[in-house]
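Novice: Listed below are the residues making up each chain.
There are 4 protein chains.
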Amino acid sequence: MSDSLAELRAKINAFVHERDWEQFHSPKNLAMAMIVEAAELVEHFQWDTLEDSYQLTPEKREQVSHELADTFVYLLRIAEVLKIDLLHAANAKILLSAKKYPVDKARGSNAKYTKYQEK
Amino acid sequence: MSDSLAELRAKINAFVHERDWEQFHSPKNLAMAMIVEAAELVEHFQWDTLEDSYQLTPEKREQVSHELADTFVYLLRIAEVLKIDLLHAANAKILLSAKKYPVDKARGSNAKYTKYQEK
Amino acid sequence: MSDSLAELRAKINAFVHERDWEQFHSPKNLAMAMIVEAAELVEHFQWDTLEDSYQLTPEKREQVSHELADTFVYLLRIAEVLKIDLLHAANAKILLSAKKYPVDKARGSNAKYTKYQEK
Amino acid sequence: MSDSLAELRAKINAFVHERDWEQFHSPKNLAMAMIVEAAELVEHFQWDTLEDSYQLTPEKREQVSHELADTFVYLLRIAEVLKIDLLHAANAKILLSAKKYPVDKARGSNAKYTKYQEK
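Protein chains in written order, with my numbering: chain R, 1 to 119; chain Y, 1 to 119; chain S, 1 to 119; chain P, 1 to 119.
Just so you know, the hints here were simulated from the structure itself, not pulled from any lab data. Check before you lean on any hint, since a few could be wrong.
[Claimed, not checked] For each label pair, taking beta carbons as the anchor points, the in silico distance ranges come out as:
1. Y:K60 <-> S:V103: 47 to 55 Å
2. R:K60 <-> S:P102: 19 to 27 Å
3. R:K105 <-> S:K99: 46 to 54 Å
Even glycine gets a Cβ: it sits at the ideal position worked out from N, Cα and C.
Kindly generate the complete structure, drawing on both the sequences and the hints.
Specialist: What follows is the structure in structure tokens.
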């Protein structure tokens with residue numbers, strides 16, 4: 001089984017191409033498809049306490065794993081269609097977040113960064 | 001800038017750890033955070049036609065890139081916290097989808113696979 | 001200030017019509033707009049414990065109130081565009097749910113109804 | 001069948017109370033449940049063109065009606081638990097939106113109001 005991101009992207013693209021599904025994969029449609037998968041993940045945890053959400057039965061673990069996979073696949077497709085380098089984008093965003101959430105202010109706090117800026 | 005998934009995961013984990021944010025990163029909370037980011041992506045396309053959604057101004061392109069990055073970061077965090085191998089999960093899911101959507105039936109169709117099973 | 005649902009619907013319809021926004025209000029677009037508002041609500045609670053989510057500062061209370069209002073407005077618009085009677089639909093759904101979740105089995109349980117059916 | 005909002009709220013509250021489900025209905029959990037329902041609506045339209053999304057088969061119409069109902073029920077529950085008057089909130093929000101989107105600037109435009117403020 002493939003273990004690289006590049007191989008996964010190529011596999012997904014081939015899957016879509018074989019089925020002639022590019023025609024349905026506009027960014028708008030893919031954004032909808034991705035949030036639907038994200039919601040299927042949310043559904044698994046909606047009635048859980050925070051503590052319970054760490055504890056998955058094997059059955060739930062497999063389902064959660066499928067929802068994560070589906071979200072990931074659509075995320076990769078959107079990036080593909082829009083020619084956005086997801087790894088580059090994530091690395092760039094972390095640099096930005098590091099500025100918005102400096103360690104000394106953010107440590108142990110779940111406040112939004114705008115709270116620091118107000119002060 | 002890092003270009004591997006393993007490096008990105010390590011970088012995100014360090015970012016979270018430095019801020020002592022693991023305490024907030026229950027699967028339940030992370031699933032909520034991820035769908036919020038997915039929705040910020042949806043917002044960019046909500047009034048677009050399908051055709052327009054391919055056309056991004058440089059400003060919108062950068063914002064979309066940030067939303068994809070944020071979604072990706074939370075996706076990686078959920079996988080991390082639950083010890084789910086995202087690449088493995090995605091590859092396994094594609095095999096499943098290939099069975100649910102055989103090329104001869106799915107080609108050019110946006111019908112849900114349950115439609116084939118009804119027939 | 002109006003206190004009836006019918007008046008609210010009429011007011012929203014007039015608001016949309018004055019701005020010539022019916023052209024953007026396809027069910028697809030409205031469904032996207034509604035989930036974006038639902039996510040803005042989720043964002044307010046994403047790092048809260050369950051207990052904390054009951055406690056709103058006046059500022060947060062006002063913001064939450066706005067997100068609920070926005071979700072409601074789009075919900076009413078979708079129903080309007082598709083000519084679905086929301087009150088009727090909700091009443092009908094409650095009857096269905098009462099069958100899916102009989103009191104004796106559902107009492108005090110957060111299990112999905114499919115769990116009963118498996119037994 | 002009830003046709004008033006107040007009766008619907010009372011019916012939902014009774015439904016929840018009979019099943020002793022108030023314990024699960026924290027604002028956080030309800031916000032998750034509501035977005036899951038909103039996503040089930042999105043799913044119905046994700047591969048549709050804008051035009052197609054107006055055209056529902058009787059079967060799809062019924063399903064869409066159920067998703068709208070479910071979203072509505074959770075919306076009412078959140079408002080109930082937080083003691084927010086949904087009709088009041090919606091009417092207040094429309095007044096705010098009327099200021100953010102003055103007819104002369106917003107007519108026929110799908111731009112976000114922040115676009116006006118930039119000018």
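Novice: Indicate, hint by hint, whether the structure satisfies it.
Specialist: For each hint, the structure was consulted:
1. Range check, K60 (chain Y) to V103 (chain S): about 51 Å between beta-carbon atoms, so the 47 to 55 Å window is met.
2. Remark: the range hint 19 to 27 Å for K60 (chain R) to P102 (chain S) is upheld by a beta-carbon distance near 24 Å.
3. Between K105 (chain R) and K99 (chain S) the CB atoms are about 53 Å apart, so this pair conforms to the stated range of 46 to 54 Å.
Consistency with the previously given hints is maintained throughout, with no hint failing.
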